[in-house]
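J.: This is what each chain is made of:
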Amino acid sequence: DAKTTQPPSMDCAEGRAANLPCNHSTISGNEYVYWYRQIHSQGPQYIIHGLKNNETNEMASLIITEDRKSSTLILPHATLRDTAVYYCIVTDSGGYQKVTFGTGTKLQVIP
Amino acid sequence: GAVVSQHPSRVICKSGTSVKIECRSLDFQATTMFWYRQFPKKSLMLMATSNEGSKATYEQGVEKDKFLINHASLTLSTLTVTSAHPEDSSFYICSARDTKGIRNQPQHFGDGTRLSIL
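Chains as they are written, first to last, in the numbering used here: chain A, 35 to 145; chain B, -5 to 112.
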């Protein structure tokens, strides 16, 4: 799996957009970018994933740069419940799909 | 959506006890499941890959005789911590992906099992 680099922590005001960056400069052509988050004492929750096009779902948007070496997860209107550790993961889309977690970004949403 | 159920959510037991943790995919089949361990304020560490109908694949440094994995069906994998000691206390999490789904489907995680060995 390609390695990813994320800032260790970020703050965001409640109601504002939270933009979480991720660098994955060694990503290969068949690898997808996945985002998960982990709220304290729970299992990770899947958020969104993409290959090269920008993606949007009910939880978030994912912006992937044209060279695919970095991406940004956007939570459009952060709430206190979005406080969590966010993990950016790059992995092959094949059946094995081993997922290796880095250290993630601790997002603190502030009232 | 896809749901992975993990049981029990919390276990407290005496040193020397063996503890079994179950991981079930509730609405899909999974030929492969993964087991993770997480220490406080640390990231998830992959322990092993559970393969339906065959032996599990363990990550480097993980004792296979200590952490027994059985994947007897397409919806159930179990992790047994044998003769548990206080240093085995941790948060254990499993994950699975729909085997029959499209190739880029994400992993779905259980809510974890907090194991405390006294």
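Just so you know, the hints here were simulated from the structure itself, not pulled from any lab data.
Backbone N, C-alpha and C define an ideal beta-carbon position, used for all residues, glycine too.
Take these hints with a grain of salt, some might be off.
Said to hold, decoys possible - Across the chosen pairs, the derived CB separations fall in these ranges:
| id | chain 1 | residue 1 | chain 2 | residue 2 | range |
| --- | --- | --- | --- | --- | --- |
| 1 | B | Lys58 | A | Thr137 | 37 to 43 Å |
| 2 | A | Asn88 | B | Thr74 | 41 to 47 Å |
| 3 | A | Thr137 | B | Glu57 | 22 to 28 Å |
J.: Of the hints given before, which are not true for this structure?
T.: 1
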